[in-house]
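K.L.:
Take a look at the letters that make up each chain.
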Amino acid sequence: MSMILLIEQVLNGLQFGVMLFLMAAGLTLIFGVMGLINLAHGSLYMVGAFAAAAVAGWTGSFALALVAALAAAAAAGALIELLVIRRLYDRDHLDQVLATFALILIFSEGTRWLFGSFPLFLDVPAALAGPIMLPGGILYPLYRLVIIGVGLLVAAGVFWLIAKTRIGIQIRAGEADREMIAALGIDISRLYTMVFALGAALAGLAGALVGAIQSVQVGMGEPVLILAFVVIVIGGIGSIKGALVGSILVGLTDTLGGVLLPPLFGTFMQASSATSVGSAVASMSIYILMVGVLLFKPSGLFGGK
Amino acid sequence: MKLRTLIAAASIAALGAGMAYADGGKVKVGMITTLSGGGAGLGIDVRDGFVLAAKGNENLELVIEDDQRKPDVAVQLTDKLIQSEKVDVLTGIIWSNLAMAVVPAATAQGKFYLSPNAGPSALAGKGCSPLYFNVAWQNDAFYEAGGLWASENGIEKVFLMAPNYPAGTDGMTGFKRTFKGEVVGEVYTKLGQTDYAAEIAQIRASDADTVYFFLPGGMGISFMKQFAGSGVDKNVMGPAFSFDQGILGAIGDAALGVKNTSHWSKDIDNAANKKFVADFQAEYGRLPSLYAAQGYDTALLLQSAMGKADVADAAAFQAALEEADFASVRGDFAFAPNHHPIQDIYMREVIKEGDVVTNKIVGVASSDHQDVYGADCKM
Amino acid sequence: MTRETLLNIVLFAILPATALVAFALDEPFIITLATKAAILALAGVGLNIALGLGGLVSLGHAAFFGLGGYAMGILASHAQSYTPLMETPFLIEGTKSMLVIWGVAIVTSALAALAIGALSLRTTGVYFIMITLAFGQMLYYFAISWPAYGGEDGLSIYVRNEFPGLNTLDPIQFFAIAFGILAIVLFGAGRLAKARFGLALSAARQNAERVETVGLTPFRLRLVAFVISGAVTGLAGALFADLNRFVSPTMFSWHTSGEIMVFVILGGVGRLFGPVAGAALYILLEHTLGGLSEFWHVYLGLLLLLVVLFARGGLIGTIAGREVAHD
Amino acid sequence: MTDPLLKLSHLNKSFGALKATDDVSLTLMPGEIHALIGPNGAGKSTLIKQIAGGLRSDSGTVEFAGRDVTALGTVPRARAGLGRTFQISSLAMEYTVLQNTVLGALGHDGGVMRFFRPVMKDRRLVDRGMAALERVGLTDQAAKRTADLSHGQRRLLEVAVALTLEPKVFLMDEPMAGLGASGSKRLTGFLDALRVQAPILLVEHDMDAVFALADRISVLVYGRVIATGTADEIKRDPTVREAYLGAEDAA
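Residue numbers (UniProt numbering), protein chains in the order written: chain A, 1 to 305; chain B, 1 to 379; chain C, 1 to 327; chain D, 1 to 251.
In isolation and in its complexed conformation, chain A is listed as follows (with noise of 0.2 Å):
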């Protein structure tokens, strides 16, 4: 495999990271702060997708989409937190699971309902569509490297986010001591739906990025979702960093095994099920993957606890 190939699909893998990162950053910061399992998660992120796909039908603006992608998922993470998640905190983690699980029921048929059965159409903005030469001849699409920036982006100011603003001190508050916050004199409640809500918005971004690229189709988030607890479980559940590196990780072996696998089991099987044993362990590769890391760091890598 040459250089510039393998140069590539490091950076297919890292862009695979950055957008699950979008996913995973909300999901463990919904843990960290109100210790809650929300698997109904990957389905803010097919809302941010719907919302952009239909906003970009509309009026055509690909920039009005994300706006919408983002303030609808926001909107639909509040209202969910408001009827239902808020009376999931102190319950056990089965009822969470329950309780989100019958929530991506209610999302998913609700949006065919809405949205009918076939795939909605987004495509990348003109001005960021196609190719770009790279140096050292590499051709590489323009919209993909956006999303590593973006990604990037959103990945600083996350950090930021947590490290230098008001909410970030209460944010890490509630981290470190539930009852601590209520001491504090903050608004519990509003902070949970503000964390919620940003949450939400992360995945709806990541949901309208990606459904320009992908297919914006009913039950797009759930291969995500199952995807951003690996990366979250891997990397320390309520760790942003931990989300950051995990993402990267993930990304890297599932991009990085299903081209490398193949080829190195044809070293030492009959092509024709090389490629298909190959492919079939890159696809169990991230799994595999997190039960290594579990095996000697049960609480992830940089999970506190």
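Read the hints as simulated data drawn from the structure, not as lab findings.
It is possible that some hints are incorrect.
To be verified - Dumping the calculated SDA-like pairs for lysine to any residue here, alpha-carbon to alpha-carbon at most 20 Å:
| no. | chain 1 | residue 1 | chain 2 | residue 2 |
| --- | --- | --- | --- | --- |
| 1 | B | Lys-126 | C | Gln-80 |
| 2 | C | Lys-194 | D | Lys-144 |
| 3 | A | Lys-297 | C | Arg-122 |
| 4 | B | Lys-86 | C | Phe-29 |
| 5 | B | Lys-176 | B | Ser-121 |
| 6 | B | Lys-176 | A | Ser-273 |
| 7 | B | Lys-70 | C | Ile-283 |
| 8 | B | Lys-86 | C | Asp-26 |
Start from chain A and add chains B, C and D according to the hints.
P.N.:
For chains B, C and D alone, coordinates are given in the frame of chain A:
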């Protein structure tokens, strides 16, 4: 999910067949298809096509059930339709894996099964049954035709891609069976994968002149959008499944110029097809897909047999079905001895008609195409 | 007699009563539904041993359900095609005998549970939920991409497997088999909960430190519970495959794990008959709501949400009230 | 001279910069009650965890009945005969009171991998559980849910569970807390008699009980044992008065 559609007011002329019914001859049809969850669009089209063709036939009673694309649900619905509803004929399954579960269960209980979409190789060969008729295609047909067309049209080096599951690997095997050129790369992706950046990079790095792929549903949409954005300059070919009307709307301009093989296209020039396309648009307000065409043909076939024999007489009804005496929207249509179609497979190209992205026939890829599994079929 | 005991008797009687009425009315499909409920309840009873007694929230029980299913599918498909499963180092033939298939399903899923449990039980809380989910997904992707046994297409078995003295293709007789097993397992699970093992396991769920202090190892208790739980769910998987005469990777999907968990929750966590109530209710809903709307999952979701939020303790908890500690 | 049943030698434990246990050496002789006292935050709970096996020591050794158990965890130490009660009641709250003591009896008996016979019909275990309840005076509460017990009753149940283990050594973390005057007086009498069965390492805030019961007292301040001796010696010890009792008098 249960829609009991009892259709009244027969109008034989409306069927364009112009024949008289045999006396009595009522038939109860059970349709099990995918109406909810992922892939529901395909089942809805098959249902709508079937209902359109059967409209006005009071001898045909239709019971529709939703399999949710789950094999276990499909098998249970089969039992239900046979045991409780006492249907005579089953139809509707979209997916090969569900067909593999339902068809043996139906024929083992002595019921006819007309497949409006899936055609797994096992059911065309060793597992064939006198009661099983495939009105769509054997799974390999579009791929074999694609390989033939590519060989005859100066394509030398292809890169193959499909999901790593049986329909995917079988399809690529079908292509390789008829393709004379060189396969320079072959990638099997994870089922349900949505990001194809890694594969596109491999395609770019290869010296293939053409990418031939099969990625059904959302996978194909994702791939095409990403491929168009990558600036890789290679021909794209595939079976019709990734370029059907329901999907083209979501891909948009990115699909323009793609060649795909199909047994049907809305511009096939015959009276039955013109009527079908016009009626379908009038009834449902959207362009028909090939799934709708298959549903429509299935109902036409069934009604042609109902005109000739009583379903209670299985041998006679089977013989009537074998004649395939109906005006298919595909033009010429006949059954091979293994009850799978002998039909022309066309090459289509994705074009833009006004604002609508759609398909246009550019030639015949394989005329009177027939599958290779019939030799194993002993019935 | 407590209200729960009375309720349990009613619940226990519902399935065979439904099947018998359907038999009298010649409605074989209703019998098939009752059979499905009995088998899914069995899977739930399996999960409930880990979840209810042991407090182990496993989101990967589809792994065992699927393994049981594939034990049936692989053995029966080899018997169907008269090809041996393995020739070297010694010959293993396929089989159509339910008893042998059940044995293989139980042993396979127990061994898998031993391996998965030994690794997963090193973690707790969310990590445990997620690592079990990951193991389930691993098997799911493996089953899809492994071509030997049908991959995504799954395996079709044309005729149901054999049970001595019974015609298994007759719905009512197959129901009798499934319900018989459910009854035996319910009895066993009830005894287990009250036996030494159950006392210690349940104590480990309530307070692991306490159990350690009296000199017992929570890890060992949980691992054994996980193995028993996996084996029961695997047996249910084999029966489910026989009900459908078909297996596919769907049995391994995380939705299956979620659904088994839904049976347990709908009925009531930790209640012996909870999964029976939950599975019966689920099947009932699937067929009544399914008849009302294409979008019945919305209603199922709403109902599930209401149960979790407002009817804690599930169906049995709502009707029978707080559980009294067993004597 | 007889050998000590429990012997701590130069135990250390730090949490970051904080030295929670600082070179602690202690012994517990057969038949004695050895009380461990000290102000809040002196490191008593940390030390108890190190002895019981829930917390690994940075250095030093724990010997139990002549055997080095430093490397062992909670379970093997419990099986070796260390009967511990918790400062904050640690019981199976959904169970009845009797079930909690039967659990203890089961732990002592071993043989937990039995899946069929109802444990509450196992005469031997139930009798042992009832006997323990009788000794602490909880017989009437046997069928009650543990969660419904008062705080004081839970403390007694803690002791009862420890009794079912028939340990060689008792490790009791504030058993008097929340008992009230008459309750602690009764428990004091009970512990007084218990030392014949097995010696007790007693962490306690109730000074009346400590001075009434303890054969020896060790004073822990900032993780260090600043003095060990009889009640009279401790009362007279100037460093103790300054570091501990003085502080209490002032308060």
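K.L.:
Hints first: check each against the structure and report whether it holds.
P.N.:
Verification of the hints:
1. Lys-126/B with Gln-80/C: With a Cα-Cα distance of about 13 Å, the restraint between Lys-126/B and Gln-80/C holds, given a limit of 20 Å.
2. Lys-194/C with Lys-144/D: Holds, at about 18 Å.
3. Lys-297/A with Arg-122/C: Roughly 10 Å between the alpha carbons, so the hint for Lys-297/A and Arg-122/C holds.
4. Lys-86/B with Phe-29/C: holds (11 Å)
5. Lys-176/B with Ser-121/B: Status holds; Cα separation ~16 Å.
6. Lys-176/B with Ser-273/A: At roughly 16 Å apart (the allowed maximum being 20 Å), Ser-273/A and Lys-176/B satisfy the hint.
7. Lys-70/B with Ile-283/C: Holds, at roughly 15 Å.
8. Lys-86/B with Asp-26/C: holds (12 Å)
Violated hints for the displayed structure: none, as all numbered hints are satisfied.
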